[in-house]
Amino acid sequence: MSATNTDNWLEIKAAAEAALPANVVEFIASLNGTLHSESHLIAILHLVQAETGWLSTEQMEAVAQLAQIPLAKVTGVATFYHYFRLQPRGKHMINVCLGTACYVKGADKISQRLMDNLGIQFGETTKDGMFSLESTRCLGTCGLAPVVMIDDQVHGPVTPGEVSLILERYLKKDKAAPKA
Amino acid sequence: MTETMINLTIDSEHIQVPKGTTVLKAAEKLGIHIPRLCYHPKLSLEGACRICVVQVEGFSSFLTACSHEVWEGMSVQTNSPEIRQARRDIVELLLDNHPMDCQTCDRDGQCELQRQAYRLGVRERHFEGKRKRFPIDDQSESVVRTPEKCILCGRCIRVCEEVQGVHNLSQHGRGFETVVGPANLGPMDDSACIQCGQCINVCPTAAFLEKDHTERVWEALAMPRDKKHIVVQPAPSIRAAIGECFGLPIGTPVTGKLITALRRLGFDAVFDTNFGADLTIIEEANEFLRRMNGEGPLPLLTSCSPGWVSFMEKFYPEMIPHTSTCKSPMSMLSTLSKTHYAEKKGLSPDQIYMVGIMPCVAKKFEAARPEHAMEDGTPYTDAVLTTRELAWMIKSYGIDFVNLPDGEFDRPLGISSGAADIFGATGGVMEAALRTAAVKLTGDELGPLVFEDVRGVTGLKEASITLAGKEINIAVSNGLTNAKTVLEAIKSGEKQYHLVEIMACPGGCVAGGGQPYPPFSMDVLDPELGRLRAKALYRIDSDKQLRRSHENPAIEHLYAEYLGEPNGEKAHHLLHTHYHARMPRGIK
Chain A
1 MSATNTDNWL EIKAAAEAAL PANVVEFIAS LNGTLHSESH LIAILHLVQA ETGWLSTEQM
61 EAVAQLAQIP LAKVTGVATF YHYFRLQPRG KHMINVCLGT ACYVKGADKI SQRLMDNLGI
121 QFGETTKDGM FSLESTRCLG TCGLAPVVMI DDQVHGPVTP GEVSLILERY LKKDKAAPKA
Chain B
1 MTETMINLTI DSEHIQVPKG TTVLKAAEKL GIHIPRLCYH PKLSLEGACR ICVVQVEGFS
61 SFLTACSHEV WEGMSVQTNS PEIRQARRDI VELLLDNHPM DCQTCDRDGQ CELQRQAYRL
121 GVRERHFEGK RKRFPIDDQS ESVVRTPEKC ILCGRCIRVC EEVQGVHNLS QHGRGFETVV
181 GPANLGPMDD SACIQCGQCI NVCPTAAFLE KDHTERVWEA LAMPRDKKHI VVQPAPSIRA
241 AIGECFGLPI GTPVTGKLIT ALRRLGFDAV FDTNFGADLT IIEEANEFLR RMNGEGPLPL
301 LTSCSPGWVS FMEKFYPEMI PHTSTCKSPM SMLSTLSKTH YAEKKGLSPD QIYMVGIMPC
361 VAKKFEAARP EHAMEDGTPY TDAVLTTREL AWMIKSYGID FVNLPDGEFD RPLGISSGAA
421 DIFGATGGVM EAALRTAAVK LTGDELGPLV FEDVRGVTGL KEASITLAGK EINIAVSNGL
481 TNAKTVLEAI KSGEKQYHLV EIMACPGGCV AGGGQPYPPF SMDVLDPELG RLRAKALYRI
541 DSDKQLRRSH ENPAIEHLYA EYLGEPNGEK AHHLLHTHYH ARMPRGIK
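Protein sequence lines, in the order shown, are assigned to chains A and B.
Sequential numbering of the first sequence, starting at 1, is according to the numbering used here.
Sequential numbering of the second sequence, starting at 1, is according to the numbering used here.
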């Protein structure tokens, strides 16, 4: 029997490096060999999400291999924190304020209308990739309650009837100025 | 250094225990068993289930007995009305998020949650509310995951990580939606799982179970006999453990009753996996001696444990050239049954239905591997029953196991040496190989029989043995975290072993993932459990006339009549296999 090389590590490493942004690969490499390097998992995931907007299965697998942290641990952490997105981000980010003032002013009705119109739940992205729906706590603009924030634009006070009009406006704007 | 002793009272009884003892352990010394679910003495502390709460003087809230160490002057109440009520409430809340299908559940009567509910006096349900709903994952060949039955105690996560070093399970999500599963909550089938089944053993409920093969075996047994010839082979460890399922003391050898029970169930031929074990030794000892002569890399790693093989392929594919190409005893015997035995019987291979009785759930995976199938794709082993599954079938049939007369294995594939019996114990494969290697190397037919250095349930043993002037360095490991230690030492060059036995399960096959759940008085993973079962195997061995695999006359005859030379072309074709790196690659 010849002592053939049955190790697949170099292939796996190369594939993992290709799946992640260069600065993430660099960051993980800088941690290797340091004490408790696995404790930087959250920092690594933050970096990935900052670069690509969300955490794909492929990226989490790559993080697991390069940082040598069991994949179950990586996905366990990623699913625990509300902050980490496990679906691609839509072109427009909708944040419904569920803070006390907005809630009292009917944020639940606004939320329901948004979910109905978009056909998605909180934490999801529409099939056409246009909108992602998230909830947030107080935005500090209680005077405008109930408030919906789309990208960095605050809308308020919003009535359920206005929801479709607002969404329509974003769709129209994109059509008018199509950008890759 | 003398231990600092701490004085405390538990339920008005004074007791003195060493500093660092937990309240739970101190109470055990007084004979008080505080209820527990997430606690396991062999695993790290979780403190998740809260049913071990006790009342401590000076504290307004209850403290968990598993995670609090005693202090001087502590006064503990384990059974005040408030504590009893709190524990009942905790178990009730667990039950309210549980399927409550005890009558039709596989763990009925052996479920720790069910037992705690009864013990604590939960007789009514006050909090029925929303219940979690998750799909069952039965895609794996070996392990079925039913997350609705999970109580989030985390024992499976800890055994997978701390004992097996596989880290395949983790809690996902948060709050009410929390669920335990492999990465991404994907199927076990496509995870780092190595199918050892230790998660099944430590689970207090039925959230993890073996993949059921009893249905297909009942079907086979009901087939017309001109169509099918049903053959069965029990592994060594079954005879040392199955008696427990029928109330016999742990470590009662029941080979004869087991054979009779199998015949009553309707099997046409009862062979012995031991025969395959003797054959494995011949092939593996030859492989080892050839490698000692420079043909192939050293150390040689054993390949009987399918959990270990799977681990090797996922975590250490670089060790493939080191791993023995020998099939496991089960697969060797299955192969021979569908080739040589079939020819002699005048049957076609597909007329034979082969059932393995194994202490192992990974054997179900092994049986399904394409490497262990005939050219037309049908597997050499058609079904694998765990010890638990067979015990259930015997009970279901209504066989009075304890009072059965002793039977005998069919010949010649049921003849075996004592070296084969001890395969079930950690160190047993090594000892069996050394018995034969010693004779082959020294030429002395009366070479050493007992190798004390490799016996015992310690997780990692090593020794140097001199045979015919050659020093042979050996290592024996069980539990895969210990395997990691050995493999890393080999890779770094720190250790130069010649022969290494690796078994996936802590304690070896006797404590495999398919063995009977221990009685409630004992914890699974308790080394005593493995020791008592192994003792039964060593007793069977020492009572036998034949002690060395190569002395087995049926094996000698088989080579002369059919196989030719050990490691020869035919033997290689039928009795050896190959491995490949498997995905996903595990994290070491």
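Hints in this document: simulated from the structure, not taken from any laboratory.
We put the beta carbon where it would ideally sit given N, CA and C, even for glycine.
Treat the hints with care, as some may be off.
[To be verified] Label pairs and their computed distance ranges (CB to CB): (1) Q121(A) with Q139(B): 23 to 29 Å; (2) E13(B) with S135(A): 51 to 57 Å; (3) P21(A) with F176(B): 32 to 38 Å; (4) D101(B) with Q121(A): 26 to 32 Å; (5) G123(A) with G47(B): 49 to 55 Å; (6) R137(A) with H578(B): 54 to 60 Å; (7) E462(B) with S135(A): 55 to 61 Å.
Hint check:
1. Taking the beta carbon of each, Q121(A) and Q139(B) are about 27 Å apart, inside 23 to 29 Å as hinted.
2. The given range of 51 to 57 Å is respected by E13(B) and S135(A), whose C-beta atoms sit roughly 55 Å from each other.
3. Look at P21(A) against F176(B): about 35 Å separates their beta carbons, and that is inside 32 to 38 Å.
4. Range check, D101(B) to Q121(A): about 30 Å between beta-carbon atoms, so the 26 to 32 Å window is met.
5. The given range of 49 to 55 Å is broken by G123(A) and G47(B), whose C-beta atoms sit roughly 30 Å from each other.
6. Here the CB-CB span from R137(A) to H578(B) is close to 58 Å, well matched to the stated 54 to 60 Å.
7. The given range of 55 to 61 Å is respected by E462(B) and S135(A), whose C-beta atoms sit roughly 58 Å from each other.
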